[in-house]
Amino acid sequence: MSDVAGVGSELRLTRVAHVDAAKPLRHALAAFMEALEIGRELREDIIIAVGEALANAVEHAYDPEHPGSVELYARTSGHDTLLVDVYDRGRFVRRDEATPGRGLGLRIVRAIARTVSIDVNGGTHVRMEFSADRDGGGDQSLAM
Amino acid sequence: MSDVAGVGSELRLTRVAHVDAAKPLRHALAAFMEALEIGRELREDIIIAVGEALANAVEHAYDPEHPGSVELYARTSGHDTLLVDVYDRGRFVRRDEATPGRGLGLRIVRAIARTVSIDVNGGTHVRMEFSADRDGGGDQSLAM
Amino acid sequence: MSEQSSYRVISLRGELDISRKAEIGAALQIAGPGPAVLVDLSDVQYADSTIIAEMLRFREDARRCGRRLAVLIGDPRFRRVLQYAGLESAFALFEDRGAALTYLSAAETT
Amino acid sequence: MSEQSSYRVISLRGELDISRKAEIGAALQIAGPGPAVLVDLSDVQYADSTIIAEMLRFREDARRCGRRLAVLIGDPRFRRVLQYAGLESAFALFEDRGAALTYLSAAETT
Ligand SMILES: Nc1ncnc2c1ncn2[C@@H]1O[C@H](COP(=O)(O)OP(=O)(O)O)[C@@H](O)[C@H]1O
Ligand SMILES: Nc1ncnc2c1ncn2[C@@H]1O[C@H](COP(=O)(O)OP(=O)(O)O)[C@@H](O)[C@H]1O
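Protein chains in written order, with this note's numbering: chain U, 1 to 144; chain Y, 1 to 144; chain B, 1 to 110; chain V, 1 to 110.
You may find that some hints are simply not true.
As the list claims (entries may be wrong) - Examples of chain Y residues lying across from chain U (beta carbon under 7 Å, computed):
(1) SER9
(2) ARG12
(3) LEU13
(4) HIS27
(5) ALA28
(6) GLY122
Stated by the list, open to error - Chain U stretches covered by chain Y per the calculated footprint, using a threshold of three residues with CB under 8 Å from any CB of chain Y:
(7) 24–30
(8) 46–55
(9) 110–119
Calculated directly from the structure, the hints in this document are not laboratory data. Here the structure is a predicted model, which means the values were calculated and not measured. Quick reminder that beta carbons are idealized off the backbone N, C-alpha and C, glycines included.
If we strip away everything but chain U, and leave its shape as in the complex, we get (with noise of 0.2 Å):
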């Protein structure tokens, strides 16, 4: 990221949590990382990353029927990291890990993040920080 770019810039989104919240707020994420001139290959995965927390969020969390909140905060924290938060005020639901095509999510998040924690204290909070260079050049640096 540019050095200016770094300072302060955060996204804070919250929608009810429908299966259908998790692209929109995604492409906010990714629009929001593009403004940033975090490069490509790295947003692209960071929003596969963040998908899969949203996505969980959507569709464990509430039951559907009276689904409550899900929030996307996402801010800058020096100059090379982005931190990603995605909480709902749901359930965890505990499952057996070895059930198939289970476990993916998680799974996925973990091989992309830097760190991971998730706090499953009044619903799950899933904290991801990210390595977010600035794309190309070193020319963007404020001359102040």
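Assemble chains Y, B and V with the ligands onto chain U, guided by the hints.
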């Protein structure tokens, strides 16, 4: 906007005020508003207005050889208002309003925004308040 | 009125913002008398006031050269931004290429 | 090896996320024995793990029916997401349609 989508959603982005910074900032704001379920025509008009304020910051605020920062800050206020600030830390250039083809930008902003205020101390700070009712039906409210 | 009449087309595409001012200023040039001009904005999604100012300048250049000007638009935003600027009647705007060409060729008979 | 051999194509497009799980589950159905299957994802920009799980289930269905399966991709993200999931070898992936079809028709002779 949906009931929940209004709660504390915000977008904050800082870039070096190069002329090519305006476009990704517009795109990030557009995707943010789409995630807030603001209707398409309203989004387009807000982008037109904010685009003018961004264009002014990248065109007028700084010596092009030594650009400073341009900052975009958008957030929901209540359930039907979007507040957008565009700041720079440059110098407001007073100009003869009668110059042909000049003065269009702020006229466009005033035609679209519900209220506009401009503070020119220590840079130019344009604050725009937009009506931003949400798109479509009423079944998005949170069951809580 | 001749359906065969010649005209010049200047096409601009994409998002016409301040970063493209020089390119657009260079595209919107008129050398002297000649055929009518169609500015084709049918693939334009966004135009800021910098570009409208260039269009106004070009309109004066065309008028001075006695060349009729039509603007083809594909997106209602261009019409709206002109309205917001108080310029709704500044250009002959067309959503339909045929209508724009009829307007331009009709000009030659007047 | 026959270049003329028939195969079934299932095309999916766009962003394959959780909101499309039912639709994608319905598209990825196999009734019994029959020709090889090409899942065409060449116009897919995004696929989440819900969809990968459907694809794994479909792979088992195809295997059970003795039908070879190839997956045509257009975007490197699909390969990456499989890698991240530890499934880089789960599917026969092809960027090139011809290569995918060769693979499918070769299957019939084995
Ligand atoms: N936000 C959440 N709310 C409730 N349960 C969750 C949430 N995220 C994950 N889980 C639980 O953790 C399990 C593993 O999640 P994940 O690895 O993403 O795989 P998958 O979603 O494919 O099952 C889920 O099956 C679910 O039981
Ligand atoms: N961010 C800014 N920094 C410096 N001067 C500004 C800024 N915004 C506006 N101005 C001044 O106000 C004038 C009017 O702005 P505007 O109505 O947008 O029209 P235009 O940009 O076409 O001149 C500008 O010409 C410029 O002198």
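So, going through the hints one by one against the coordinates:
{"no.": "1", "hint": "SER9", "in the structure": "5 Å, holds"}
{"no.": "2", "hint": "ARG12", "in the structure": "5 Å, holds"}
{"no.": "3", "hint": "LEU13", "in the structure": "5 Å, holds"}
{"no.": "4", "hint": "HIS27", "in the structure": "5 Å, holds"}
{"no.": "5", "hint": "ALA28", "in the structure": "4 Å, holds"}
{"no.": "6", "hint": "GLY122", "in the structure": "13 Å, violated"}
{"no.": "7", "hint": "24–30", "in the structure": "holds (count 5)"}
{"no.": "8", "hint": "46–55", "in the structure": "violated (count 0)"}
{"no.": "9", "hint": "110–119", "in the structure": "violated (count 0)"}
Hint compliance for this structure: hints 6, 8, 9 are not met, and every other hint is.
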